[in-house]
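K.L.:
Take a look at the letters that make up each chain.
There are 2 protein chains.
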Amino acid sequence: MIYELYYWPSIQGRGEFVRLALEEAGAAYVDVARESGTGALMRVLDNSKIACPPFAPPFLKAGKLVIGQTANILLFLGDRHGLAPSGEAGRLWAHQLQLTVADFLQEIHDTHHPIASGLYYEDQRDEARRRAADFLAARAPKYLDYFEGILRRNKKGSAYLLGARRSYPDLSLFQIVAGLRYAFPRAMAGLEKRHPRIAALHDKVAARPRIAAYLASDRRIAFNEQGIFRHYPELDTGG
Amino acid sequence: MIYELYYWPSIQGRGEFVRLALEEAGAAYVDVARESGTGALMRVLDNSKIACPPFAPPFLKAGKLVIGQTANILLFLGDRHGLAPSGEAGRLWAHQLQLTVADFLQEIHDTHHPIASGLYYEDQRDEARRRAADFLAARAPKYLDYFEGILRRNKKGSAYLLGARRSYPDLSLFQIVAGLRYAFPRAMAGLEKRHPRIAALHDKVAARPRIAAYLASDRRIAFNEQGIFRHYPELDTGG
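Protein chains in written order, with our numbering: chain A, 1 to 239; chain B, 240 to 478.
Calculated directly from the structure, the hints in this document are not laboratory data. Ideal Cβ positions, reconstructed from N, Cα and C, are used throughout, including at glycine. Do not take every clue at face value.
[Claimed, not checked] Computed spacing ranges between beta-carbons, pair by pair:
#: 1; chain 1: B; residue 1: Lys288; chain 2: A; residue 2: Tyr121; range: 38 to 46 Å
#: 2; chain 1: B; residue 1: Ile289; chain 2: A; residue 2: Glu225; range: 33 to 41 Å
#: 3; chain 1: B; residue 1: Glu274; chain 2: A; residue 2: Tyr232; range: 21 to 29 Å
#: 4; chain 1: B; residue 1: Ala377; chain 2: A; residue 2: Met1; range: 36 to 44 Å
[Unchecked claim] Here are some chain A residues the structure puts well away from chain B; computed CB gaps all over 12 Å:
#: 5; residue: Val30
#: 6; residue: Met42
#: 7; residue: Ala71
#: 8; residue: Ala189
#: 9; residue: Ala206
#: 10; residue: Arg219
#: 11; residue: Glu225
Make the full structure from the sequences, and use the hints.
P.N.:
Put into structure tokens, the structure is as follows:
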């Protein structure tokens, strides 16, 4: 079976968390809107006959299944491709970490869009300055402290979040680090020094053969100012 | 086994979505911080030896498991107590809807805290006015249209979101409606007229025997201005 991933073709965005899992799994997939344009994506979103319609991209077609919500797609792929523990406790723990990554990501998004996702950044820049300053001073350290603590107490000493093997939350935390480095290079340089295990996890994931090949390919879209991680120097305070 | 729910004792907040599921399931549980104070909650949050620590409340102790993240707890309870379909497709669909409820809830929260969750409302009231206006004009209708559409296309015609039976996303959507009625009575009166199936779902859930008994009990905390759903008349524009 060939998966069909539906996501905006010009940004990494939330779709990237799914792309990383598909790539690490070595799964066959089509990145539909990149190959056929956004029309194919909009036709699904606008199709009132789909039994289980997604609220928004990304969504994944897997045979007859249409699965929406990033963390839900990863829950599914984790089971199918050994990207998460198979026991109930491990599955829930992986998903719990992923949902915390999702919360972190939403707060990263809101640094540049604190008022309305439908408005331009330029129309909420003053508010973004306030929100980004709080994010870098209070929220990012809180999330990073949490994940650093998880890595510290991993009994297997694997440098991954769960036990001895890589799992989908590792891939997502890699993406968070890569994105924060792009969006907030000054602040992140300081934060990384205080979170060495997270920085090491980033490097370890980046060096995995399938991930390294993906990152070097043209399938990896470059970060840009239409995505979730945006580099606006005026927001990159602290450090 | 008696579950232990850990959540702030003076607000409904995210814990309420778990309380509703436990109540509907008829499960035995202790609402720990309500019975023993927040010290018991903080001792878990601050315990650096827990293998799977939660980032934040709510979390649920189920025997040896400590499960965090609201949607993750509901995924677990859905399986254990028949609060979701048992097949893979139905489980994923229920969870997808729950994650969309979670996104909706976060946007509701941010209407009064658009800049920083650690600041008082009064310190971000101007920004809250802008964000709430956009929320009521654009975001709330988008989410409500989505759920209304799900109810409309339910082939079983059950008035519930999934198939013929109630499931945990129904309980959560009930809570969203109850909360929006409290926070934005003017705007919600207008929105409900355009979303009759969602209003009917609210009433149907509220009338379920265990839910009705719960809502009438002192276990149900009243809405207040420390929770997620806050009534600030200056934000309740539109309608």
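K.L.:
Look at each hint and say if it fits the structure.
P.N.:
Hint-by-hint comparison with the structure:
1. Separated by about 43 Å at the C-beta atoms, Lys288/B and Tyr121/A satisfy the suggested range of 38 to 46 Å.
2. Between Ile289/B and Glu225/A, the C-beta spacing of about 40 Å keeps the proposed range 33 to 41 Å intact.
3. The hinted window of 21 to 29 Å between Glu274/B and Tyr232/A is violated, with their beta carbons roughly 47 Å apart.
4. Under the hint 36 to 44 Å, the C-beta atoms of Ala377/B and Met1/A, about 38 Å apart, fit the expected range.
5. Interface exclusion of Val30/A from chain B stands, the closest Cβ pair being 20 Å apart, more than 12 Å.
6. At roughly 15 Å, the least C-beta separation between Met42/A and chain B is larger than 12 Å, which holds for a residue marked as non-interface.
7. Its closest Cβ contact with chain B, about 6 Å, brings Ala71/A to no more than 12 Å, contrary to its assignment away from the interface.
8. Remark: the non-interface label on Ala189/A is consistent with the geometry, its nearest Cβ contact in chain B lying 23 Å away (cut-off 12 Å).
9. Listed as outside the interface, Ala206/A is consistent with that label: its C-beta sits roughly 25 Å from the nearest C-beta of chain B, beyond the 12 Å cut-off.
10. No Cβ of chain B approaches the Cβ of Arg219/A within 12 Å, the least distance being about 26 Å, so the stated non-interface status holds.
11. No Cβ of chain B approaches the Cβ of Glu225/A within 12 Å, the least distance being about 21 Å, so the stated non-interface status holds.
Of the numbered hints stated above, those contradicted by the structure are hints 3 and 7, listed in ascending order.
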